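K.L.:
Residue-level listing of the chains:
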Amino acid sequence: MTSRISPDLPGTYVFDGPTSRRGLRMNKLFMSLRSEAARADFLADEPGYCARFGLTDDQTEAVLGRDWQAMLDLGGSIFYIYKLAMMDGLSMQYLGGVFTGMSEADFKAAMLAGGRTDV
Amino acid sequence: MSEVIWGLATSHVPSIGAAMDRGMTADPVWAPLFEGYGPAREWLADNKPDVAILIYNDHANGIDLDIVPTFAIGTADRYEVADEGFGRRPVPDVIGSPELSFHLLQNLMDDGFDLTVFQELDVDHGFTVPLSVWTPDPGDKWPCPVVPLLVNVIQYPQPTAARCYALGKALGRAIASFEGARTVGILGTGGMSHQLAGARAGFINPEFDAMFLDAIENDPEKLAALTREDFIREAGSEGIELIMWLVMRGAMNAEVRKVHSVYHVPASNTAAGLALFDNQPA
Ligand SMILES: [Fe+2]
Chain A
0 MTSRISPDLP
10 GTYVFDGPTS
20 RRGLRMNKLF
30 MSLRSEAARA
40 DFLADEPGYC
50 ARFGLTDDQT
60 EAVLGRDWQA
70 MLDLGGSIFY
80 IYKLAMMDGL
90 SMQYLGGVFT
100 GMSEADFKAA
110 MLAGGRTDV
Chain B
0 MSEVIWGLAT
10 SHVPSIGAAM
20 DRGMTADPVW
30 APLFEGYGPA
40 REWLADNKPD
50 VAILIYNDHA
60 NGIDLDIVPT
70 FAIGTADRYE
80 VADEGFGRRP
90 VPDVIGSPEL
100 SFHLLQNLMD
110 DGFDLTVFQE
120 LDVDHGFTVP
130 LSVWTPDPGD
140 KWPCPVVPLL
150 VNVIQYPQPT
160 AARCYALGKA
170 LGRAIASFEG
180 ARTVGILGTG
190 GMSHQLAGAR
200 AGFINPEFDA
210 MFLDAIENDP
220 EKLAALTRED
230 FIREAGSEGI
240 ELIMWLVMRG
250 AMNAEVRKVH
260 SVYHVPASNT
270 AAGLALFDNQ
280 PA
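Top to bottom, those sequences are chains A and B.
Using numbering that gives the first Met the number 0, you'd call the opening residue of the first sequence number 0 and step up by one each time.
Using numbering that gives the first Met the number 0, you'd call the opening residue of the second sequence number 0 and step up by one each time.
Think of the hints as simulated: they come from the structure by calculation, not from any bench.
Treat the hints with caution; some may be incorrect.
[What the hints assert, rightly or not] Some, not all, of what chain B presents toward chain A, calculated at C-beta under 10 Å: (1) Asp63; (2) His102; (3) Glu228.
What you are looking at is a predicted structure, and each value in this text was computed from that prediction instead of being measured.
We put the beta carbon where it would ideally sit given N, CA and C, even for glycine.
The task is simple: from the sequences and hints, build the whole structure.
P.N.:
What follows is the structure in structure tokens.
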């Protein structure tokens, strides 16, 4: 069961209650990364930090492997996931590329050309 | 007695603030948007309200997912600018108006809107970017005190568009009975069409946005009838933020006069829009 829910919107995540419940611990971890001290703690021992926040094994694996798609599937909110991406120096256009199977450059070019109007 | 003098609807994406903070507003990618803002900013500079109310949502900075208030109001006398991860934006903290907050809280409650209360709140880009769109060079303070009104647009089910519009109407009535100010500005923020995640990331719908820009002025009832699913399908999963424009519109007169509007793609992964309305019809 993924977080894709009806109404019939393929390719669209709807961050609903069950999804938020599933992702709560992981999203709290992401939010903690706003502080410099937390980022240092995280980088010093990523598995330990995930354990401290109570992530599931799947979530820990997704975070350690920077599997952005899996983070969404395991209850991550894009606004929270973005905190981890920012820490890694990655942009929302990079993530857009990951989700759509494009390079960051191609995704940026698609936005500059007026966005993806045909999806 | 207080009176709403204008309503400003605007996108609030962080990149608009970042472009300003980093002096990139003349870059070819950004210039059309910031040039577009010009006439609205000039008019706003000549029409400074005593106090403003800003409708927005937080993005994992001031509040987390432990508690997800559908509608909330800040009652602080000061709101600090949040550090979203790499230092706060170089803009002033926000001075609040607890008197207006408590007046609105009570009147909205009596009118059937049971708001959550924030006694402390750090405000993120959703709040400060619209202030920068209004006032690009605030110096050491924003033009007037500002009261935050928060709407949950991140976690489904968001309030309906109809409920947001009704909240706006109640807000308009509550403002009218406030003795502590004469003039009030209302900001409705977020949008326009965009989607950040999933295979449809990067989705933009210029036809929907054009319809929305016209109807927010001339036929808000039509927008209030849209369902959550309509918004997510037509404006993208994050484009549902546009329901916050309806709170602003509801607080205004049935007939308003458009001062200026702007539409530009892209502002990072979004369609950026601005619409400024004088609350007095021509
Ligand atoms: Fe937003």
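K.L.:
For each hint, tell me whether it holds in the structure or not.
P.N.:
Here is how each hint holds up against the structure:
no.	hint	in the structure
1	Asp63	holds, 5 Å
2	His102	violated, 32 Å
3	Glu228	holds, 5 Å
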